Amino acid sequence: MGVKRYVAKRTLQAIGVVYVVATAVFVAVRSVPGDPARLVLGGNAEPDELAAVRAELGLDQPIHVQYYRWMADLARGDLGDSIYTGQSVGASIANAAEPTLSIGLVGITIAILIAIPAGIVSATRRDRWEDYVATGVAFLGISMPSFWIGIVLLLTVGTAVPAIPSFGYASISEGVVPWLSHVILPAAAVGLPYAGIITRMTRSSMLEVLSEDYMQTARAKGLPPRLVLFKHGLQNALMPVVTVAGILFALLLGGIVAVEMVFGVQGFGRLLIRSIERQDFPIVQGSVIVVSIIFVFMNLFVDLLYMSINPKIKYGGGA
Amino acid sequence: MSLLDIEDLSITFPVEGGPDVPAVEGIDLSVEAGEIHGLVGESGSGKSVTARSVMRLLDDAEVGAKRFDYRGEDLYDKSEAEMRQVRGDEIGMVFQDSLSALNPVMTVGEQIAEVVRHHGDVEESTGLLSELRRKYITGTSTSAPSWRRAVSLLETVGIPDPETVATSYPHQLSGGQRQRVMIASALGGDPSLIVADEPTTALDVTVEAGILGELRRLCDELDVAILLITHDLGVVAETCDSVTVMYSGSVMERGRTDQLFENPVHPYTKGLLRSIPEGASTGGELTTIPGSAPEPTDRPDGCPFRDRCPAAFDACSEPLPEHVVDDGHVSHCHLYTEGDDPGEVTWDAPAATNGSLDGTTERTHTEVTDG
Chain P
1 MGVKRYVAKR
11 TLQAIGVVYV
21 VATAVFVAVR
31 SVPGDPARLV
41 LGGNAEPDEL
51 AAVRAELGLD
61 QPIHVQYYRW
71 MADLARGDLG
81 DSIYTGQSVG
91 ASIANAAEPT
101 LSIGLVGITI
111 AILIAIPAGI
121 VSATRRDRWE
131 DYVATGVAFL
141 GISMPSFWIG
151 IVLLLTVGTA
161 VPAIPSFGYA
171 SISEGVVPWL
181 SHVILPAAAV
191 GLPYAGIITR
201 MTRSSMLEVL
211 SEDYMQTARA
221 KGLPPRLVLF
231 KHGLQNALMP
241 VVTVAGILFA
251 LLLGGIVAVE
261 MVFGVQGFGR
271 LLIRSIERQD
281 FPIVQGSVIV
291 VSIIFVFMNL
301 FVDLLYMSIN
311 PKIKYGGGA
Chain U
1001 MSLLDIEDLS
1011 ITFPVEGGPD
1021 VPAVEGIDLS
1031 VEAGEIHGLV
1041 GESGSGKSVT
1051 ARSVMRLLDD
1061 AEVGAKRFDY
1071 RGEDLYDKSE
1081 AEMRQVRGDE
1091 IGMVFQDSLS
1101 ALNPVMTVGE
1111 QIAEVVRHHG
1121 DVEESTGLLS
1131 ELRRKYITGT
1141 STSAPSWRRA
1151 VSLLETVGIP
1161 DPETVATSYP
1171 HQLSGGQRQR
1181 VMIASALGGD
1191 PSLIVADEPT
1201 TALDVTVEAG
1211 ILGELRRLCD
1221 ELDVAILLIT
1231 HDLGVVAETC
1241 DSVTVMYSGS
1251 VMERGRTDQL
1261 FENPVHPYTK
1271 GLLRSIPEGA
1281 STGGELTTIP
1291 GSAPEPTDRP
1301 DGCPFRDRCP
1311 AAFDACSEPL
1321 PEHVVDDGHV
1331 SHCHLYTEGD
1341 DPGEVTWDAP
1351 AATNGSLDGT
1361 TERTHTEVTD
1371 G
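Here the protein sequences come in this chain order: P and U. Heads up, the first sequence is in my numbering, so the first residue is 1 and it goes up one at a time. Heads up, the second sequence is in my numbering, so the first residue is 1001 and it goes up one at a time.
Everything labelled a hint here was simulated from the structure, so no lab data went into it. Quantities reported herein were computed from a predicted structural model and do not represent experimental measurements. Just so you know, nobody snuck in bad clues.
Label-pair distances were calculated between CB atoms; the ranges are:
hint : chain 1 : residue 1 : chain 2 : residue 2 : range
1    : P       : Val133    : U       : Gln1172   : 41 to 49 Å
2    : U       : Glu1082   : P       : Leu113    : 31 to 39 Å
3    : P       : Ile309    : U       : Asp1121   : 30 to 38 Å
No more than 25 Å apart at the CA atoms, straight line, and that leaves these computed lysine to aspartate or glutamate pairs for DMTMM-like:
hint : chain 1 : residue 1 : chain 2 : residue 2
4    : P       : Lys314    : U       : Glu1163
5    : U       : Lys1135   : P       : Asp213
6    : U       : Lys1135   : U       : Asp1161
7    : U       : Lys1078   : U       : Glu1062
8    : U       : Lys1135   : P       : Glu212
9    : P       : Lys312    : P       : Asp213
10   : U       : Lys1078   : U       : Asp1190
11   : U       : Lys1135   : U       : Glu1163
12   : U       : Lys1066   : U       : Asp1327
13   : P       : Lys9      : P       : Asp303
14   : U       : Lys1066   : U       : Glu1322
15   : U       : Lys1078   : U       : Asp1005
16   : U       : Lys1066   : U       : Glu1035
17   : U       : Lys1135   : P       : Glu208
18   : P       : Lys312    : U       : Asp1161
19   : U       : Lys1135   : U       : Asp1190
20   : U       : Lys1135   : U       : Asp1121
21   : U       : Lys1078   : U       : Asp1060
22   : U       : Lys1135   : P       : Asp303
23   : P       : Lys312    : U       : Glu1163
24   : U       : Lys1078   : U       : Glu1025
25   : P       : Lys314    : U       : Asp1161
26   : U       : Lys1135   : U       : Glu1155
27   : P       : Lys312    : U       : Asp1097
28   : U       : Lys1066   : U       : Glu1318
29   : U       : Lys1135   : U       : Glu1123
30   : P       : Lys312    : P       : Glu212
Simulated coverage check for chain P against chain U, where a stretch passes if three residues somewhere in it have a Cβ under 8 Å from a Cβ of chain U:
hint : region
31   : 232-242
32   : 297-311
For each residue, glycine too, the CB sits at the ideal point set by N, CA and C.
Hey, can you work out the whole structure from these sequences and the hints?
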C-alpha cells in the first residue's frame, strides 16, 4: 500500500472518530443541568421571551431533530453561533486557536531543539559532568508545572529584558518579530517540562543503541566516531522518542491552558473555560470537536513520521 | 613474517567491587598471509575476545601483549586515528549475528558502499556532512562508484540479483544472504585479513556449508587471510589451513590442520576430536569431555585443563610449557616436557558413558577424517 492510500484510509477512519466524538459531545452537553435560554436572558425573563430564544437556538425541537441538525450542520462545517457574542463558533475558535497553536508549536520546537542534543550529549558523555548537568536540568524541568515555569520566566526574563513583552499576544500578521517576542516566554514555559521528558527518553534510547552490535560493526569499518554516532546511531535512537513525543503533545496542550492565564493570552484554553462557565454550549461543542480533529491528525502525522524513519514498518496492515 | 603475529597476549576485564576477570592469559597467535586460520575453543575460552582485540574494539578491557604485530607494526602502538585506517582498510570484521550486526535502518548497499568510500579507491567525499546528506536527504546514487562497487561485491560473495539486494534492508534478507552481505562489507576496503567471529554459528547447516565454501573461495581467489573463530572442529577440518586450540584463556595446541587432526598430542585436542559426532547417528550417546570449563576467576594454577584431564599429574600445576611436536606444530602440555612422547593418553578407554545403547555398535572417535 502506498503512502497516499494509507493517508486516505487513515483520514476515513478519522472521520469515524470525529463522528463518535460529535455524538458524545451532543449527549454530554444536553445532559448538563441548566437552561441556556435563561442564562442568555437572565433570571427575570418572561416565559414568551424564553420560548423565543429556545426556538431561535432550536432547543424546542425534539431531541432526534436536534441531533440530525447538529450532524447536518457539522457536515457543512457549520458549528453554530455563540450564545453570548453571536459570533460564529468557527470564527471564535479560529481567533483563539492562533495564539494557542503558536505557543504549542514554538514550545515543541524549543523542546526538541534543547532535548535531542542534550539527550545525545548525556548518553555519549555518560557519567561525566555533561551527563549530570543534562539529567539534573531535565529532572528539574519534569518536576515543575508549566504555569510555575511561566511565572518564574515572567518575573525574571520578562522584567529583565524590555524587548520581551510579558503580557498579551501579537498575531503573526503583525510581523514575525512582535509575534515571536510575545510567544517565546509562554512557549518556553510549556516546552521546558516537555524537553525534560524527551531528554530523558533520548538519553536512555541512545544508551541502548550505543551498545548495539551494529554500532560495533560501524566502528569495525573504521568510520570516525561522529559518523558512527550520527549516521548509524541517531535514527535508531529517535524511533522510540518520536512515539513518545507524539503522545506527549497532549500533555503540552493541557499545559497551555494554564500558561495562557499567566501571560494574559486570549487563547483556546481561555475560550473553552469561559464558555463552560457561561454554558455557551455551541462553543464548547465546537471546541471539543476541533481538539479531537487536531489529535486524530497529530497521531496520523506521528505515525507517518515513525514509518519514514523505521523501514521495518510498512504502510497498511491493521487499523 | 606472519601477517598477524601476537605474542603473550593477555586480556583482562576489570570488575568494580570484584576480582578482575582474566579472559585471556598469555596466548600466542599468528596468521600467515592468504591462509585461513581457525581459532577454536568452547564458550568462554576467550576466542571471541581475542578476535575483537585484533580490531582494538575492547573499550573496557586491559589488553597487554609482548608483541601485537600486524605486518610488523604493533597495533597497540598506533593512535586511534591510525587504527581507523587499519579497521576496514587492512582488517575487515564479520560478526556472528548478522541481523543485529547490520544496521536495521540502512540499505545493505549503503552499508557496503560506505566502507568503499572510506577505504576504497573512489573519489567521493566522506565528510560528516556529505555522509549525513547521503543518508538522510539524497540517498547514495546508484551510479556512484561506491554503490557500483557495493553491487559488484555482493556479486562476488555469491548473491544473485545484487542490484535488488543492494536496495534491501537487512530484515528483508535471509540469514545466509545477510551473512554474505557482512562478508561483502568486510571486503569493501580490500583488506588483507578478515576476522570472522563465528560467522556460521547462527545459520543452519546447509547455509553454513555455503558460507564456509565462500570464505575458502575468497581466500584462494582474493588472497585474503581469514582468522576464523569457531567452536566447531568440523568447520576447522573443512575450511582451515591451520588452527589454534584455546581452552579457558590459554592455547592448548596449534599447528597445521592436517598435523592437528592426524597427530593430536594434547589431551584436550584429543578429547575434542573424539567428541565430534560422526556422520549419521548410530544411535549411541554423544561422547563428551566430562566436567565443564572453570570460571575465568577460578582457574587452577598451571594448566587450566588439569581438573578434567585424564592424564593430569603433579607437574600440571606448573606454568604451561611449550613443546614443539613438529615444524609449526606446538603443544602446551606437561606430558611432553620430559622430551619424549608419553604414549597414548587414556582417552581411548571407553568411559562409562561411552557405550552404545544397544551394546553392539563399535565407534572409533579418535579417527577424524580431514575433509
